[in-house]
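J.: Below are the chains, spelled out letter by letter.
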Amino acid sequence: MYNTNVEMRVALVSEIEKIMEKDDRIVFIDADLGKAGSTMKLREKFPERALDVGVAEQNMASVAAGLSSYGFIPFISSFTSFASRRIADQIAISISYAGSNVKIIGLDPGISAELNGGTHMSFEDVGIIRSIPGTVIFEPVDVIQLVKALPQIVDYKGMIYIRLFRKTTPKVFNDNYKFNLFKADVLKEGNDVSIFATGITVSESIKAVEILKKKGIDAELINVHTLKPIDKETIVSSIKKTKAVVTCENHNIIGGLRSAVAEVMTEEYLCAPFKYIGVHDCFGEVGRYDYLIKKYKLSTDDIVEKTLEAVSAK
Amino acid sequence: MLGQKKVKELNIKCKTIRYLTIDAIGHLGVGHIGGCLSIVEALVVLYYNHMNIDVNHPKMEGRDRFILSKGHAGPTMYSILADKGYFDKKLLYTLNQPNTNFPSHCDMIRTPGIDMTTGSLGQGFSCAVGIAIGSKIKKDNATIYTLIGDGESQEGQIWEAAMYAAHKKLDNLIGFTDYNRMQIDGTTDEINSLEPIVDKWKAFGWNVMNVVDGHNVQEIDHAILSAKKCKGCPTMIILNTIKGKGAYFAEESGVGNHNMHIRPEQIQKALKELK
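Listed in order, the protein sequences are those of chains G and U. Quick note on numbering: the first sequence equals residues 0 to 313 in numbering that gives the first Met the number 0. Quick note on numbering: the second sequence equals residues 0 to 274 in numbering that gives the first Met the number 0.
Everything labelled a hint here was simulated from the structure, so no lab data went into it. You may find that some hints are simply not true.
As the list claims (entries may be wrong) - Facing chain G, from chain U, some residues (calculated, C-beta under 8 Å): (1) T116; (2) G129; (3) I130; (4) N140; (5) Q153; (6) V211; (7) D212; (8) I241.
Claimed, not checked - Not close to chain G: a few residues of chain U, all C-beta gaps over 12 Å, as computed: (9) T93; (10) P97; (11) M107; (12) L120; (13) C126; (14) V128; (15) T145; (16) E154; (17) I157; (18) H166; (19) E189; (20) N215; (21) Q265.
What the hints assert, rightly or not - Pairs of lysine-lysine residues, derived as DSSO-like cross-links and limited to a Cα-Cα distance of at most 30 Å, are as follows: (22) G:K156 / U:K135; (23) G:K21 / U:K167; (24) G:K21 / U:K228; (25) U:K89 / G:K44; (26) U:K137 / G:K156; (27) G:K17 / U:K137; (28) U:K135 / G:K34; (29) U:K138 / G:K17.
All residues carry an ideal CB built from backbone N, CA and C; glycine is no exception.
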């Protein structure tokens, strides 16, 4: 049994620690956010392989690419804003174009930046990284999923961006969960509407599905944990069955999950009512989680409302 | 000290590399001729007198590495690698042609013997720092060489990497600055001066060697030997060079030679002068 009551960052670091003990190719690099990411203990245990470049994310990304060329598997970590938009060119050239095997941890996606506010509140990171060739984007929903994903992330040869909510999450999966990095999770089968959710909106969607059930709506809920490459097969078969779509993401509606699902639908000539939960092309602001989730209309009630709209448009 | 025979040998090699580079860029009719020719001597001294590499095993573990951070001088790299036997010299004529493995900017996936993909300025230097750290972790005693441009030194990432390399005491890292004092829009002193360049690198915690004539193989070799002896910090070798060195039309063009169109008769005359 894995302790599911720990924060995501604690789970991440304790798993990385175990992997580093067995695999001397793993290097962990911070850019002065080791305390925020709870990685400080790695430095005591692995002084040569747990580095901190200071406040220099560009250098961190390219140093990691250099280490990758030397046979190492570096993990680099910063807030999503700095792990994506600030180092977009380094991700594109030093990492992806060069074929580097670098794993990027983006902490505090979207509204989870909370009191760091608009400067740190990345609603664009998925869009930026999704448009760079050769990238994989993974957003875990709870510690079980994160812990089960890490060995596959290490085994995968290439860049992976891990969009990581770092605090405690509601529990979604149990120990029996079978994880596949490239396969979306059908959390609940249904016939009336497909809800595709990612990150923090998954647990909101689980609650929404219960409310919808009482209203007579049989929703299918799919956790799209890997935003790129997106699991087309699962998306297409679900939409063909339900003929109504809702996407939910803690991200701008441009460039993220909504865009990715719409791209799949256009490729496959799928036409269906399509509603979406997400940030409507604006910057973030300071606030606590409970305030921001309502402000940006990402909550359970918003998902229920949009889902009803999608179903009634069928 | 290099013996007279070796000096002669290296100087002949420089002529060969210049010839191949001008010929390849000339075949296409356009290219980064200036910055390719300013670094010939440095690369020749490295590849023919210092680097522990094996042409039959381009990915040999523990080998010395060279990261051309000013990736647009790729054609000079290709000339050297072809001359050393990494691939057929005829392939140099495919430079920047469709489906080539020899693009303007260095690409480690496409080209045998290239140790790092570069081209977005500033990044290769950071990669070299990462490689030097990797070599320290593996304790394989490799020496990591890297070369940056003077215009490239205006990138902030160079100085992020410089700070960290000194902090990590990377004495297995030897950098070169191609100080030809020219960039696309003008001279470096007109656009955004690097001076005092030696003091800057010293202030960042580097051992600094100033090679007065960056086209003198003896001086370059001496600087590399001194750098190898330096313990506890990385070394930056400032090469005072001439952009376009050895091709009359490029030298005459001055700041215009960064990425210039070249006429066939210019190529023929320049190549004749090298024979």
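J.: Using the nearest Cβ pair, does Q153 (chain U) come within less than 8 Å of chain G?
T.: violated (14 Å)
J.: For H166 (chain U), which was marked as not at the interface, is the minimum beta-carbon distance to chain G over 12 Å?
T.: Its Cβ does come within 12 Å of chain G, the nearest being 8 Å, so this is violated.
J.: Measuring Cβ to Cβ, find out whether N215 (chain U) lies farther than 12 Å from everything in chain G.
T.: holds (30 Å)
J.: Would the pair K138 (chain U) and K17 (chain G) pass a check requiring their Cα atoms to be no farther apart than 30 Å?
T.: holds (23 Å)
J.: Would you assess whether C126 (chain U), listed as outside the interface, keeps its beta-carbon beyond 12 Å of every beta-carbon in chain G?
T.: violated (4 Å)
J.: Over 12 Å from every CB of chain G: does Q265 (chain U) meet that, or does the non-interface label fail?
T.: Q265 (chain U) clear of chain G: closest Cβ-Cβ about 33 Å, beyond 12 Å.
J.: Is it true that the CA of K156 (chain G) sits at most 30 Å from the CA of K135 (chain U)?
T.: holds (23 Å)
J.: Just to be careful: measuring from the Cβ of I130 (chain U) to every Cβ in chain G, is the smallest value less than 8 Å?
T.: holds (4 Å)
J.: Given the hint that K135 (chain U) pairs with K34 (chain G), does the C-alpha gap stay at or below 30 Å?
T.: holds (26 Å)
J.: Using Cβ atoms and 12 Å as the threshold, tell me whether T93 (chain U) really stays out of contact range of chain G.
T.: holds (20 Å)
J.: Given G129 (chain U) as an interface hint, is the shortest Cβ-Cβ distance to chain G below 8 Å?
T.: Given a least distance of 2 Å, the restraint on G129 (chain U) holds.
J.: Against chain G, does V128 (chain U) hold up as non-interface, every C-beta pair farther apart than 12 Å?
T.: Violated, because the least Cβ-Cβ distance between V128 (chain U) and chain G comes to about 5 Å, which does not exceed 12 Å.
Taken one by one, the earlier hints fail for this structure at numbers 4, 5, 6, 7, 8, 11, 12, 13, 14, 15, 16, 17, 18, 24, 25, listed in ascending order.
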